[in-house]
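A.B. asks: Residue strings, one per chain:
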Amino acid sequence: MSNITLDPGEALADPTFLVSWIKKAKKGDLESYQKIYDAFARKVLNFIYRMVSSVEEAEDLTQETFIAVYKKLGSLKDNDKFEPWLFRIARNFVYQRYRARSPASVPIDALDEEGKPVTQLIDQRKNPDEAYQAGELEDVVQKEIDNLPEKYREVFVLSAIQHLSYQEIADITDRSLPSIKTDIHRARLEIRRRIKEYLKSG
Amino acid sequence: MDCKRCAEDLTAYLDGELSPRRSAEIRAHLDACNNCSKEMQDLADSVSFIGSRTKEVPLKPEIWNNIRAQLSTLEGVQPSGFSQFWLWRWPKVTATALATASVLALGFWGYLNYEQSQESLRHYMDAYITVRDSQLHGQEASLALASANSKTDNPFAEPLSDTYHNPFRSEDE
Numbered sequence: 001m002s003n004i005t006l007d008p009g010e011a012l013a014d015p016t017f018l019v020s021w022i023k024k025a026k027k028g029d030l031e032s033y034q035k036i037y038d039a040f041a042r043k044v045l046n047f048i049y050r051m052v053s054s055v056e057e058a059e060d061l062t063q064e065t066f067i068a069v070y071k072k073l074g075s076l077k078d079n080d081k082f083e084p085w086l087f088r089i090a091r092n093f094v095y096q097r098y099r100a101r102s103p104a105s106v107p108i109d110a111l112d113e114e115g116k117p118v119t120q121l122i123d124q125r126k127n128p129d130e131a132y133q134a135g136e137l138e139d140v141v142q143k144e145i146d147n148l149p150e151k152y153r154e155v156f157v158l159s160a161i162q163h164l165s166y167q168e169i170a171d172i173t174d175r176s177l178p179s180i181k182t183d184i185h186r187a188r189l190e191i192r193r194r195i196k197e198y199l200k201s202g
Numbered sequence: 001m002d003c004k005r006c007a008e009d010l011t012a013y014l015d016g017e018l019s020p021r022r023s024a025e026i027r028a029h030l031d032a033c034n035n036c037s038k039e040m041q042d043l044a045d046s047v048s049f050i051g052s053r054t055k056e057v058p059l060k061p062e063i064w065n066n067i068r069a070q071l072s073t074l075e076g077v078q079p080s081g082f083s084q085f086w087l088w089r090w091p092k093v094t095a096t097a098l099a100t101a102s103v104l105a106l107g108f109w110g111y112l113n114y115e116q117s118q119e120s121l122r123h124y125m126d127a128y129i130t131v132r133d134s135q136l137h138g139q140e141a142s143l144a145l146a147s148a149n150s151k152t153d154n155p156f157a158e159p160l161s162d163t164y165h166n167p168f169r170s171e172d173e
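Order-wise, the sequence lines are chains A and B. Heads up: the first sequence at position 4 corresponds to 4 in the numbering used here, and the numbers run straight through without jumps. Heads up: the second sequence at position 88 corresponds to 88 in the numbering used here, and the numbers run straight through without jumps.
Simulated from the structure, these hints should not be mistaken for laboratory data. Beta carbons are placed, not taken as given, at the ideal position from N, Cα and C, and that holds for glycine. Among these hints, one or two may not hold up.
Straight-line C-alpha distance at most 16 Å; calculated EDC-like pairs for lysine to aspartate or glutamate [said to hold, decoys possible]:
#, chain 1, residue 1, chain 2, residue 2
1, B, Lys55, A, Glu56
2, A, Lys23, A, Glu57
3, A, Lys24, A, Asp80
4, B, Lys4, B, Glu39
5, A, Lys71, A, Asp29
6, B, Lys60, A, Glu56
7, B, Lys55, A, Asp183
8, B, Lys55, A, Glu190
9, A, Lys72, A, Asp29
10, B, Lys38, B, Glu8
11, B, Lys4, B, Glu25
12, A, Lys77, A, Asp171
13, B, Lys55, A, Glu136
14, A, Lys151, A, Asp183
15, A, Lys81, A, Asp29
16, A, Lys143, A, Glu197
17, B, Lys60, A, Asp38
18, A, Lys196, A, Glu150
19, A, Lys143, B, Asp42
20, A, Lys196, B, Glu25
21, B, Lys60, A, Glu59
22, B, Lys60, A, Asp29
23, B, Lys38, B, Asp9
24, A, Lys81, A, Glu190
25, A, Lys143, A, Asp80
26, B, Lys60, A, Asp60
27, A, Lys196, A, Glu136
28, A, Lys71, A, Glu31
29, A, Lys151, A, Glu190
30, A, Lys196, B, Glu8
31, B, Lys55, A, Asp146
32, A, Lys196, B, Asp45
33, B, Lys60, A, Asp183
34, B, Lys55, A, Asp139
35, A, Lys23, A, Asp80
36, A, Lys151, A, Asp174
Computed spacing ranges between beta-carbons, pair by pair [stated by the list, open to error]:
#, chain 1, residue 1, chain 2, residue 2, range
37, A, Asp78, B, Pro61, 30 to 40 Å
38, B, Pro20, A, Glu56, 22 to 32 Å
39, B, Ser120, A, Val19, 52 to 62 Å
40, B, Tyr114, A, Asp78, 38 to 48 Å
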């Protein structure tokens, strides 16, 4: 386990720390890479979790992301843009996994007694009705995030939950700043409408 | 500013993503418009509500342990980068760069050679003219040409015999 416990905000308050860790990690210094991991891993894990809605999948993809990031670190030209670059790699893993786990690709032995696929992403999420009945607001919020159209969900998570700047989100998603701005606004309006509907119905 | 334009920018305003000038315009509109002000507050409340009710997944120590174990197998190997085998990672770029460098080097070498030849030729011609003119006045010209040849390393120069022979002049003259 990492014996360096840094609050991400605290660790990144001075960007020179991060740049110095990146430079050392590029030379193969795993201790410096561990510091980078400590600063960003929780953020990446939670971003992935909000995209795939499975803790197990999110942990698996976080692991893959940080292994890939280490291997590719030398190709990062601008050390100041590490965070968007990291999220971009995490995002690629998310979409690769989505494609690999499309419902049609679920093998027959991955079905449970009732014939429902056990590895399909959507089935690892809490049943929406159960969440509503249990009144678990956290699950309801997560469910409503899940139900957003893909392009809205991504920008909503990155802006409202991960608190990345619009420019960073544009870099991560490879989209223009005006389109990011429009979609973030629409995503906020949409999720507000859904949450309000839930609260009214409750 | 009308309410529609204000509403479109409210989220970016709350996120601090507008230019100072645009933010000031929105602020002025919010001060004057009760509806937009309420809408802004409602948006801010919903974001705050969602933010406070999002499940935070804790980071398990095993994740780093697994990463560390996998990366340890690469220990001693630097992360791939520009300095490591970059020549082979972008073969087209490398080939183009090498070709360009070769052409430039060849061109420069040719230019230097040309300049050197021109300089030698100039010296030789000066000496030749001196010889030609001097021959009319005396035998000391052969000594001048010998001296010029030794100074310019003229590649076309032939060893001088005791009696200077002008190649441009026939024996019959």
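A.B. asks: Against each hint, give a clear statement of whether it holds in the structure.
C.D. replies: Status of the hints after comparison with the structure:
no.	hint	in the structure
1	B:Lys55 to A:Glu56	holds, 14 Å
2	A:Lys23 to A:Glu57	violated, 30 Å
3	A:Lys24 to A:Asp80	holds, 14 Å
4	B:Lys4 to B:Glu39	holds, 12 Å
5	A:Lys71 to A:Asp29	holds, 12 Å
6	B:Lys60 to A:Glu56	holds, 11 Å
7	B:Lys55 to A:Asp183	violated, 23 Å
8	B:Lys55 to A:Glu190	violated, 20 Å
9	A:Lys72 to A:Asp29	holds, 14 Å
10	B:Lys38 to B:Glu8	holds, 14 Å
11	B:Lys4 to B:Glu25	holds, 13 Å
12	A:Lys77 to A:Asp171	holds, 14 Å
13	B:Lys55 to A:Glu136	holds, 10 Å
14	A:Lys151 to A:Asp183	holds, 8 Å
15	A:Lys81 to A:Asp29	violated, 20 Å
16	A:Lys143 to A:Glu197	holds, 13 Å
17	B:Lys60 to A:Asp38	holds, 11 Å
18	A:Lys196 to A:Glu150	violated, 21 Å
19	A:Lys143 to B:Asp42	violated, 21 Å
20	A:Lys196 to B:Glu25	violated, 29 Å
21	B:Lys60 to A:Glu59	holds, 8 Å
22	B:Lys60 to A:Asp29	violated, 22 Å
23	B:Lys38 to B:Asp9	holds, 14 Å
24	A:Lys81 to A:Glu190	violated, 30 Å
25	A:Lys143 to A:Asp80	violated, 34 Å
26	B:Lys60 to A:Asp60	holds, 11 Å
27	A:Lys196 to A:Glu136	holds, 15 Å
28	A:Lys71 to A:Glu31	holds, 15 Å
29	A:Lys151 to A:Glu190	holds, 12 Å
30	A:Lys196 to B:Glu8	violated, 20 Å
31	B:Lys55 to A:Asp146	holds, 13 Å
32	A:Lys196 to B:Asp45	holds, 12 Å
33	B:Lys60 to A:Asp183	violated, 33 Å
34	B:Lys55 to A:Asp139	holds, 8 Å
35	A:Lys23 to A:Asp80	holds, 11 Å
36	A:Lys151 to A:Asp174	holds, 12 Å
37	A:Asp78 to B:Pro61: 30 to 40 Å	holds, 31 Å
38	B:Pro20 to A:Glu56: 22 to 32 Å	violated, 45 Å
39	B:Ser120 to A:Val19: 52 to 62 Å	holds, 57 Å
40	B:Tyr114 to A:Asp78: 38 to 48 Å	holds, 44 Å
Hints 2, 7, 8, 15, 18, 19, 20, 22, 24, 25, 30, 33, 38 from the list above are not met by this structure, while the remaining hints are.
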